[in-house]
Amino acid sequence: MEDGIYWPTFFFLLFAAVACAFGIAVVITSHVVHMAFYLVLSLAATAGLFFLAGADFVGAMQIMIYVGGTLVLLVFGVMLTAQAPFITMRTRAGEWVMAALAGGALLSLLVWAAFSVDAWRPLSRAEAEAVAVRPTATRIGMGLLGAPTDRVRLERGDSAVDRRLAAGMSGYLLPFEIVAIHLLIVLVGAAYLARTRRRREA
Amino acid sequence: MTPLASLLSQPVGASHYMVVGAVLFVCGAVCMATKRNALGILMGIELVLNGANVNFVAFGSEVLRGRPQALSIDGQIIALFVIVLAAAEAAVALAIALSFYNAHNTIDVDRGDDLRG
Numbered sequence: 054m055e056d057g058i059y060w061p062t063f064f065f066l067l068f069a070a071v072a073c074a075f076g077i078a079v080v081i082t083s084h085v086v087h088m089a090f091y092l093v094l095s096l097a098a099t100a101g102l103f104f105l106a107g108a109d110f111v112g113a114m115q116i117m118i119y120v121g122g123t124l125v126l127l128v129f130g131v132m133l134t135a136q137a138p139f140i141t142m143r144t145r146a147g148e149w150v151m152a153a154l155a156g157g158a159l160l161s162l163l164v165w166a167a168f169s170v171d172a173w174r175p176l177s178r179a180e181a182e183a184v185a186v187r188p189t190a191t192r193i194g195m196g197l198l199g200a201p202t203d204r205v206r207l208e209r210g211d212s213a214v215d216r217r218l219a220a221g222m223s224g225y226l227l228p229f230e231i232v233a234i235h236l237l238i239v240l241v242g243a244a245y246l247a248r249t250r251r252r253r254e255a
Numbered sequence: 002m003t004p005l006a007s008l009l010s011q012p013v014g015a016s017h018y019m020v021v022g023a024v025l026f027v028c029g030a031v032c033m034a035t036k037r038n039a040l041g042i043l044m045g046i047e048l049v050l051n052g053a054n055v056n057f058v059a060f061g062s063e064v065l066r067g068r069p070q071a072l073s074i075d076g077q078i079i080a081l082f083v084i085v086l087a088a089a090e091a092a093v094a095l096a097i098a099l100s101f102y103n104a105h106n107t108i109d110v111d112r113g114d115d116l117r118g
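One line per chain: the protein sequences are V and D, in this order.
Numbers 54 to 255, taken from the working numbering, label the letters of the first sequence in order.
Numbers 2 to 118, taken from the working numbering, label the letters of the second sequence in order.
Worth double-checking, as some hints may not be accurate.
[To be verified] Computed footprint of chain V on chain D, listed as stretches where at least three residues anywhere in the stretch have a Cβ under 8 Å from a Cβ of chain V:
hint : region
1    : 9-15
2    : 30-44
3    : 48-59
4    : 78-87
5    : 99-111
Simulated from the structure, these hints should not be mistaken for laboratory data.
Beta carbons are placed, not taken as given, at the ideal position from N, Cα and C, and that holds for glycine.
This is chain D alone, in the form it adopts within the complex (with noise of 0.2 Å):
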């Protein structure tokens, strides 16, 4: 039987879920370092949050960790605070981001050195 045959009927487990919340957790640090736009940052930010997200989510589910070793609903209700934040997060930054643009007519993070010393 082929890995993926053996992959394909057999339920998925916490692991799975964890790998997937790792690619997107270095997708968006990776982001964060390299991009110059701000709002690029601001969109690696909100991948870090969402791989974050995943994990907690699979932690939290009876269907991935059976009933007695899951947080049950403790890790949904933290991954509601985290998309919470990251909208309250996005709204500030976002300002953040365009009061910068009106200030130096540029969106790019590396012109913004007006505090070096």
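Chain V on its own, in the form it takes in the complex (with noise of 0.2 Å):
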């Protein structure tokens, strides 16, 4: 039993394999459209990432938003520029090198910092079946409304920092109207800077 696969970190391998493969099929790619349909499959990849991480919420809204929204703008984007010359642009092979060496030092940098650290290690097999997955909505739901139902546990330590801690935690109210109107004033904006102005120039 202890020696069988381990079938969330099977579906982990597969995703994180299909969003990697397609993150980089964007970047090799040269043809637009492509790019674009790699793109879609890369964030929907993510999204598998995000359900098995106990976050359901957020891997639906981020098919619900970046795959069904935005790259549905970016798709026409790509439509409405894609004109003989644009579609495969070249990169010249000396930006490449560069790009390239840039980023595989980021690369190895991040990677090394990632294992670094013990608390971000993986959990026994054990400990890892005894977590229970809870459904995350209501939680989200009354912590966007300024009710949070996860506070800081003051049990635990109880010290000053832990007490200025749970003062603090009221939620994401503010945030929230702030990204809310924030969101209206852009898609206002940019409605008035993609409009088509007819040049009066003879």
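Using the hints, build the complex out of the two chains.
This is the structure in structure tokens:
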């Protein structure tokens, strides 16, 4: 039993491989329509990773907003500007070499950092199977309404820092309102920017 | 036991999610640096934001880190804010790209050098 396949790990490896492979494919292809298609697949696989991490609401929003909304917007942009010289624009070889060097250095640094912190290591199999997955939509909704149900647990430690943290955790009502107004203003501004102007120069 | 079999029989942790997030982030950064199409740069930005989102969800996940250590719901709420801001950013950037295309009849960002001194 201890050595059987742990299926969440199998699906993690599957979704991670799809997300990373199509993320790399977005970089190396130079055809802009193919780039948009690979980006859709990469983002959808990332939504699968969110489901596996217990973030069901975020995964659903990833599919609905990113794949269903943002990518449709991008594909419309590709369609509106897809004329023959702009569909494939090649990058010079020297820029590829520089980008690969800088990207490889950054990636190796980040991977080294990810495995160098003990608190980020995996749980044991018994611990992981003991964690009950709780649905998150109610808790996210209460947090956005300003009445979070998850608070800093004061019985553990109970230091002055914990008490200050608990007093500050009043939820996300103000950021929620700010982001709502921000989205409204951004969409009005985008519609204003993108309208077609007839140029009157002769 | 081969490394793959030992990996398959154990749960993954936040480190593994951070590796996926790092790969997506680097792909997006390289995409922003090398693409000449303005919409390609926009797709690179989406990849970067998505890599950051993977990290937020991993830090907040009770499945990956256990109940006491996890950020619980805060990581997921911040990930939702990032998704909404990415949608807003895509709308404005696309409007700018279309306006640029109307004015210059090209989508190549190397041609956008009107402000060069």
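Against the structure, the hints:
no. : hint   : in the structure
1   : 9-15   : holds (count 7)
2   : 30-44  : holds (count 12)
3   : 48-59  : holds (count 6)
4   : 78-87  : holds (count 8)
5   : 99-111 : holds (count 7)
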